[in-house]
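Starting from the given sequences, assemble the full structure and let the hints guide the process.
Number of protein chains: 2
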Amino acid sequence: MTQTSQRHGGPIRLTASSTTGLRPAKAGEITGGLWADRRRINREVSIPGGWNRLHQAGNFHNLELAAGRSTGDYVNDLPFLDSDVYKWLEAVGWAFADPALSSALADRLRQQLGETERLLRDAQQPDGYLDSHFQVRFPGERFVQLQWGHELYCAGHLIQAAVALHRTTGDLDLLEVARRVADLVVDTFGTEPGKVDGVCGHPEIETALVELYRETGAESYLERARYFVDRRGHGLLGEGRFGRHYWQDHVPVRDAPSVEGHAVRQLYLLAGVADVYMETGDASLLHPLERLWAEMVTSKTYLTGGIGAHHSDEAFGDPYELPNERSYCETCAAIASIMFSWRMLMITGESKYADLMERTLYNGFLAGLSLDGQRYIYANPLQVREGHMARGTDGDYQRVEWFHCACCPPNVMRTLASLQHYVLLSSEARAVLHQYMAGRYAASVAGGEVWMEVTTDYPWDDTVTIRITRAPAGRWELALRVPHWAQQPTLSVNGTAVDSGPTDGWWVVGREWNDGDEVVLVLPLEPRFTVADQRLDAARGAVAVEYGPLVYCLEAVDNPGHRLDDLTVDTAVAPEVVSVDGPLGGVAIIRTAGRVRPRAGASWWPYRPAGEPAGDEPGESVPLTGVPYYTWGNREPGAMRIWVPTA
Amino acid sequence: MTQTSQRHGGPIRLTASSTTGLRPAKAGEITGGLWADRRRINREVSIPGGWNRLHQAGNFHNLELAAGRSTGDYVNDLPFLDSDVYKWLEAVGWAFADPALSSALADRLRQQLGETERLLRDAQQPDGYLDSHFQVRFPGERFVQLQWGHELYCAGHLIQAAVALHRTTGDLDLLEVARRVADLVVDTFGTEPGKVDGVCGHPEIETALVELYRETGAESYLERARYFVDRRGHGLLGEGRFGRHYWQDHVPVRDAPSVEGHAVRQLYLLAGVADVYMETGDASLLHPLERLWAEMVTSKTYLTGGIGAHHSDEAFGDPYELPNERSYCETCAAIASIMFSWRMLMITGESKYADLMERTLYNGFLAGLSLDGQRYIYANPLQVREGHMARGTDGDYQRVEWFHCACCPPNVMRTLASLQHYVLLSSEARAVLHQYMAGRYAASVAGGEVWMEVTTDYPWDDTVTIRITRAPAGRWELALRVPHWAQQPTLSVNGTAVDSGPTDGWWVVGREWNDGDEVVLVLPLEPRFTVADQRLDAARGAVAVEYGPLVYCLEAVDNPGHRLDDLTVDTAVAPEVVSVDGPLGGVAIIRTAGRVRPRAGASWWPYRPAGEPAGDEPGESVPLTGVPYYTWGNREPGAMRIWVPTA
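These protein sequence lines map, in sequence, to chains A and B.
Numbering (numbering that gives the first Met the number 0) for the first sequence: 0 to 646.
Numbering (numbering that gives the first Met the number 0) for the second sequence: 0 to 646.
These are calculated hints, taken from the structure and not from any lab test.
Quick caveat, the model's predicted, so the values are computed rather than measured.
There may be inaccurate statements among the hints.
Unchecked claim - Reference listing, derived: stretches of chain B covered by chain A, where coverage requires no fewer than 3 residues with Cβ under 8 Å from a Cβ of chain A:
| no. | stretch |
| --- | --- |
| 1 | 289-302 |
| 2 | 309-318 |
| 3 | 323-333 |
| 4 | 521-529 |
C-beta: ideal position from N, C-alpha, C; glycine also.
Okay, here's the thing in structure tokens:
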């Protein structure tokens, strides 16, 4: 911890001239609880497994072809296999900053990193070009297949990996490779005569170039990022199979009224736009960012924080078009949403952004990874019908070890590996603790560095204890987020209750702090029934169970003897936590009162006149057992649902 | 009429040994009302327009390439463009039997038919092979790309076109071309050594070969159709992108518990299986057909009769997975459903099959064509959200003049052109009138031919008058279908009420009939609210309005000043017909009492604790105006919905 405490070792190292309300923490370490466990699995299982998977899937083979080290054909019909390697490299980069990384594993990762860097150097062409798909399949053809080629997308992920490694280890080798790629991009693209005036079919280069600017100080990267933001939305990419919305080229971002098209593309773009705003202060970008976030969250976000309703084009649907069985909710889109919200939180300091981050982290994101860290899911449904998994009609709904299109697994790895940075922020006046994960964190306020130790078993326990381990002199504020779901929170400082209460989602305590001061925040946890806006058709007449930041679901394995389709919930009886042990290991299980609707009679037609008896009323009482959504699908395959009709 | 009365001029000419409960009518002519109007548009606008569209879209160009008459590349990346020509030819074939076809148009169609026949003869290879896609793009490569090649699918549509032309005109030219293709298929496929043991990725050849057997008496065609049915479901096609279900190769049809995969493929297959059953009497096929139809209708069919919930693979979803905004409901799938149900009606004589046919004809099918007959829709949603059409995010939901994949338009044409055959059936004992369309129809019973004239303005009027214009001697029965929605129907014969009432959906009157006997069936029409099985999430807490066989919808254009998303319906007030005129020309408009839910407040999150006020309750009263679903999208584009939440 001490080694990395003087440099910011996570995503987004703001420059001195950045325009934000809050700045990232100086240091962080997650030491216990749910997330420490998830990070341990990520570190010990997922990331090491990634090396093997990337070899088995041909990603390294393709780069070896580009390096002239091997012969054969490019493996896979997708052009962006390099990006999976880069995202894995980024995860490795962040992992090096984890004090819990064993030296044996660190050695192994260092060796794999070295091998990969040599491979990339060998594959890179003299002028800096590096993209195995085009080098192998279309030698000499560059930056002309902008719609589907993903060259700038891959370049962006290479840059992010290099930035991560440089931030955590000072590694310059990959940074050199990435800068040569970035310089080629800078030289190639632009509105000047002789340059390519275009944007990539998949945003990603925007945020990457800003990060590279932050790391190197070279303004040309920031300028080119701004160029890509400005030029997008002018139809440079043409129509394509799914229309201009798909690749975010239908309208300039400043004019966009709503999030549209491919969800990951939309949110990678908005993260990049936020980055450009932070570093340029271009005020014309701020209102669109706020407007688009609000439009997304109010009408196009699932209860889990998942986004993207359509399977066919992995896209946002219309407002309130959020069907449960066909919620696409790509894991990568959840990650992109967290990236976007985190930037908006930094820019504005508004708690709602942290609220959505939390919801997405605990639900839409975390469900993307199996509990054992070995299997991933691409689409995250809110409902799986009886028999679906057994029929195997849609592999999307099963966690598997790797994908043909394997964007999600290394994306999960890099997110978990850098998660400690998504906990604390600060301004001159205050330290802002916006996520509750047991650990040690440091941030700068005007008077110096604040260090704190957070002790909690949240989300299983309602109490978060913050001990100030180093307090700079003078008055500063500690701001603690009170999630929008929290009822009657309490706060004490050194045992004395604070009565002020939260304002706009923040409970702020300003004083002169001393080392050892202890703040206790209690966010009472009671299981609750949640309903949706009536415009969400699939949730009408139904409730979900939530518990703190967790969304719950029914799984067939916990509710044997009945089809989930036949169950209703009785909201007159309060749900209760019945166990904190169980097959899923320490998670809270929640029991509610329900009814089993008898199967309808012999009618061949499932519609009937209103007022005519359904033949399927009340039915016998049955207890319903719910588990946290993120744990679903880790036992025997079967039906699952979040929204349950009321009796 | 008289010219065609001695031969059966429609789809399915059963053989003497066919195993069915009912047989097709001998003759039919639709002379008035909704369907006569739709058929006039089809005859005068759609079919003549098809010739031009097929030329513009490159379908004829591709055949000219195959015939060596032209140079260039195969147009379109889809391999089955020939099939669009064949379905159009089939429509032309049925149109020749329409007494209302003007002689000028008949001459034009005859000339176009002649040209096309010459083209096909020129393109056909010496051994009978004919498929422009493979001849042009993969010369010499045959029957190896069975997954996606669609060779047998195209061959099937060629055969159906040839059969249609032969049945209506005696044309032998196309039949000769089709028989040479069919003979090649018969010689090529089979389990014998040296033959190709395989099935086509898209069923269609099965029903076509049975029809060719019926037309020619050559048993080899029936045998090969049976072979294709028997061999499917054994994994001969491999996995493919969407899994084996997609191309109906996951399980042998005799073992299938449920309809699965691509909806059109599934139902073309089942129509073919029904054909094989009818001609072979193979009892092992009957129960699977009944079981699969029931499974489909009970849990996978929309109120409109539309089927296929998924966009991504055009497939059936899980049981009760029927989201409204993303109802795929391909027009071709509705047609395939009608084909399947009609065969099941013939086989079993059960009224539910005719009920579903009617529902699908008036709703899921008819919506596929614009009122002016010039535009087609591919996917038929039950709900279109505000702003969807304007954003143009999904061209699927707009009727357009033609498609890149233009399977639906000529499929609509051939269905409307042969519709008069889908009205009357018969057995030795009875004539079975199962659809109510004004016209003249003839069918054979034991004593001879029954001729009848049907007078009605159904579905706008509740009275159907059937005059027996030729009654064979002796006792025979007239069976009239009483739709499952009809309350308190009445029947009279020559002015005398018949009290017996319907049984199992049929009102049967047995007697010795005389020429001129008049039967009056009244199916009282009252607009009604319909609810769905509670397992249909998107319809929970909502009602639809139906009127006779018609499903109604709200369109934004008729309900100005409010977003449809904000409207609820008050079911305490009965819906009423307010006009039979209006902008849509003679259709019944239905008014219901509704409320406008104020937009929710400023919350950024669309979910809230159960019991907490929504801030969007009751709201002001507003009348809601509904139109028949099949007419939607013919005026200014806007929101539309069938299921409306209750207040």
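Hint by hint, here is what the structure shows:
1. With 6 residues bearing a CB less than 8 Å from a CB of chain A, the stretch 289-302 of chain B meets the requirement of three and the coverage assertion stands.
2. Three residues within the 8 Å Cβ limit are the bar, and the stretch 309-318 of chain B against chain A gives 7, so the coverage statement holds.
3. Proximity of the stretch 323-333 of chain B to chain A, defined as three or more residues with a beta carbon under 8 Å from a beta carbon of that chain, is established by the 3 residues found.
4. Only residues whose beta carbon comes within less than 8 Å of a beta carbon in chain A count, and the stretch 521-529 of chain B has 3; three or more means the coverage holds.
When each numbered hint is compared with the structure, no violation occurs for any of them.
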